[in-house]
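Knowing the structure of chain E, use the given hints to seat chain X on it.
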Amino acid sequence: MLTKTVVFRCDESLQMKVVAVLIQKASVFRSSVWLSRGERRANAKSLLGVMSLGIENQAELQVTADGEDESEAIEAVTSYLAHPES
Amino acid sequence: MNSVTLASIIREFKLERVLPCGNPEETRIGIADLTRPGLQLAGYFDHFGPDRIQVIGNMETAYLERLTSRERRTRIDALFATGIPCLILTRNHAVFPEMEAVARKYDIPVLRTTAPTSEFMASLGKYLNVELAPRTSLHGVLVEVYGEGILILGESGVGKSETALEIVKRGHRLIADDLVEVRRVSDTTLLGQAPEIIRHLIEIRGIGILDVKELYGVSSVKIQENINFVINLEIWDESKSYDRVGLTEEHTDILGIDVPSLTIPVRPGRNLAVIVEVAAINFRQKQMGYNAAKALTERVFGVKS
Numbered sequence: 002m003l004t005k006t007v008v009f010r011c012d013e014s015l016q017m018k019v020v021a022v023l024i025q026k027a028s029v030f031r032s033s034v035w036l037s038r039g040e041r042r043a044n045a046k047s048l049l050g051v052m053s054l055g056i057e058n059q060a061e062l063q064v065t066a067d068g069e070d071e072s073e074a075i076e077a078v079t080s081y082l083a084h085p086e087s
Numbered sequence: 004m005n006s007v008t009l010a011s012i013i014r015e016f017k018l019e020r021v022l023p024c025g026n027p028e029e030t031r032i033g034i035a036d037l038t039r040p041g042l043q044l045a046g047y048f049d050h051f052g053p054d055r056i057q058v059i060g061n062m063e064t065a066y067l068e069r070l071t072s073r074e075r076r077t078r079i080d081a082l083f084a085t086g087i088p089c090l091i092l093t094r095n096h097a098v099f100p101e102m103e104a105v106a107r108k109y110d111i112p113v114l115r116t117t118a119p120t121s122e123f124m125a126s127l128g129k130y131l132n133v134e135l136a137p138r139t140s141l142h143g144v145l146v147e148v149y150g151e152g153i154l155i156l157g158e159s160g161v162g163k164s165e166t167a168l169e170i171v172k173r174g175h176r177l178i179a180d181d182l183v184e185v186r187r188v189s190d191t192t193l194l195g196q197a198p199e200i201i202r203h204l205i206e207i208r209g210i211g212i213l214d215v216k217e218l219y220g221v222s223s224v225k226i227q228e229n230i231n232f233v234i235n236l237e238i239w240d241e242s243k244s245y246d247r248v249g250l251t252e253e254h255t256d257i258l259g260i261d262v263p264s265l266t267i268p269v270r271p272g273r274n275l276a277v278i279v280e281v282a283a284i285n286f287r288q289k290q291m292g293y294n295a296a297k298a299l300t301e302r303v304f305g306v307k308s
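If you read the protein sequences in the order shown, they are chains E and X.
In terms of my numbering, the first sequence opens at residue 2 and continues consecutively.
In terms of my numbering, the second sequence opens at residue 4 and continues consecutively.
Just chain E, with the same shape it has in the complex (with noise of 0.2 Å):
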């Protein structure tokens, strides 16, 4: 099991289209991917849960893989999440 904390770093009028892309890139991995902020933890890989942890602009997420493919999970969400534009 692998875990990163990442700041996530998003314009405003792009984050419901970024949490789309994530739970994309997240659920090509057979590991499970969590989120965590604060006390609320959800599965990358759910677009509810993902939204229900209302992250924004700035927020520090700890992420969370654990699985045969963990470390390229990790690596993907986590340098996703640093830099969504690119």
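Please keep in mind that the hints were generated in silico from the structure rather than gathered at the bench.
Label-pair ranges, simulated between beta-carbon atoms:
{"hint": "1", "chain 1": "E", "residue 1": "D70", "chain 2": "X", "residue 2": "I210", "range": "24 to 34 Å"}
{"hint": "2", "chain 1": "E", "residue 1": "E76", "chain 2": "X", "residue 2": "S242", "range": "26 to 36 Å"}
{"hint": "3", "chain 1": "E", "residue 1": "Q16", "chain 2": "X", "residue 2": "M291", "range": "43 to 53 Å"}
{"hint": "4", "chain 1": "X", "residue 1": "E122", "chain 2": "E", "residue 2": "S72", "range": "50 to 60 Å"}
{"hint": "5", "chain 1": "X", "residue 1": "L258", "chain 2": "E", "residue 2": "K5", "range": "21 to 31 Å"}
Glycine included, each C-beta is placed from N, C-alpha and C at the ideal position.
Same frame as chain E, but now just chain X:
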């Protein structure tokens, strides 16, 4: 550790802020126990928990009335000096002038309700137990079928949301999709609800987000429900054997409580909603004392298993 602000208690119980000292937004209550400080007002402080809310009713008021003003001041001072979070007067009792002086001295708020003491303590205790309960969030769907709260768990894409939608169409209720916040409100009870921001929304792949309450009406949703039963959905694994009879009892541990559970293998063409529905009825029947698998064993082998 979970805690609740004094301000939310004041709002919930519409308490009158007789002596608005301290800052209720900052004061956090982390313990569900309440104290009637009768012994403490008499001067006995062994085993006293100063982090608890103090409630004063008829008895304590009558006792304080009997004292001289000077004694009253000393006794109330000793209680407030322990750093209690607040003092609540029930039955609309008046504030003693000595109490006012002491509350200001230690900057501790005194609140008031019109409710009788026991009744007020019971409802405040229940509220605190729910608010301070251990909690977790689970990835799953919570529905209510024939009065049973059923938590459906499983990997993403296994068909939890689709099953929930079909269950709602069959006249049952949705509590939460995708993310269920679970609280352990007693040693035997788990309470589940959706985070407010996504309450009663459901996501179906290919369509997007649906608002179940708007589409199917108020009778198709519920705010919260106890979790009586867990159904684990998993992709059919040929190498695994699934329960064919129903004599074994499986449990899933949630926050330290063993909840009865079933594992249902998913294959295209299996109508999961019907299976969930029948599992709910079967669960109720078992609780009422009839077990079809046991009855069959009896019929075939002529013995009670």
